[in-house]
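K.L.:
Chain by chain, the residues run as shown.
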Amino acid sequence: GESVGLHLPTLSVQEGDNSIINCAYSNSASDYFIWYKQESGKGPQFIIDIRSNMDKRQGQRVTVLLNKTVKHLSLQIAATQPGDSAVYFCAEKEVWNFNKFYFGSGTKLNVKP
Amino acid sequence: DAGVIQSPRHEVTEMGQEVTLRCKPISGHDYLFWYRQTMMRGLELLIYFNNNVPIDDSGMPEDRFSAKMPNASFSTLKIQPSEPRDSAVYFCASSLKSEQYFGPGTRLTVT
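For the protein sequence lines, the chains are Z and V, in the order given. Once you know that position 35 of the first sequence is 109 in the numbering used here, the rest is easy, because the numbers rise by one and skip nothing. Once you know that position 9 of the second sequence is 428 in the numbering used here, the rest is easy, because the numbers rise by one and skip nothing.
Careful: at least some of the hints might be erroneous.
EDC-like mimics (lysine to aspartate or glutamate), calculated; alpha carbons at most 16 Å apart, straight line [unchecked claim]: (1) K174/Z - D123/Z; (2) K142/Z - D158/Z; (3) K497/V - E481/V; (4) K487/V - D449/V; (5) K145/Z - E113/Z; (6) K497/V - E437/V; (7) K516/V - E113/Z; (8) K497/V - D482/V; (9) K130/Z - D105/Z; (10) K142/Z - E113/Z; (11) K516/V - D123/Z; (12) K516/V - D105/Z; (13) K145/Z - D129/Z; (14) K182/Z - E113/Z; (15) K497/V - D476/V; (16) K487/V - D476/V; (17) K174/Z - E481/V; (18) K174/Z - D476/V; (19) K174/Z - D449/V; (20) K487/V - D475/V; (21) K174/Z - E463/V; (22) K116/Z - D158/Z; (23) K182/Z - D158/Z; (24) K174/Z - D475/V.
Please keep in mind that the hints were generated in silico from the structure rather than gathered at the bench.
With the hints as extra help, turn the sequences into a complete structure.
P.N.:
Below, the structure is given as structure tokens:
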């Protein structure tokens, strides 16, 4: 499959600050993207998704931005909390694949108290 | 709902032995996925099923790996014979639409 990569393998932020996690994808045929959070010893957990006909989507304390021109995805976490410490993955799906996702390598977020 | 259930949570076995990993998807979900996660390769899709039928097994690394889904509430991933390079965390996930719900994973160590 196409590669989905992350620029920063580890990100350290101070509690209360905003976090931005980035993801680059290479498949222009991808039409759907998801951010997952994986805590230590657990499986990935859905955070937020976005379709290719959108450039921004907001959830509770999280915002995903999609720039299709440069094939870039970002996850913004507002007022980062210690409970946000985890590995974050972006995943992409090709338009003709209903449910087959390709996952990025992950970024570890460390929240310092 | 209890979520996706996987067993065992940890498995340690010797090279050459057969390993069977088990998964119970969320009731009502019609897609089931098996993933492998390693530090080197990240999260890789091995195979997925729709309505108990294998749809795409292109991620299965070798013939040593096989997966079955005899009914809507149970799936197995079997490795025979196992090798040290199979050591990884294996996740099962299920979905009804696009959002996949992951199980807690099985940590496999092959010595």
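K.L.:
Go through the numbered hints given earlier and state which of them the structure violates, listing their numbers in rising order.
P.N.:
The structure breaks hints 2, 5, 7, 10 and 17; every other hint is satisfied.
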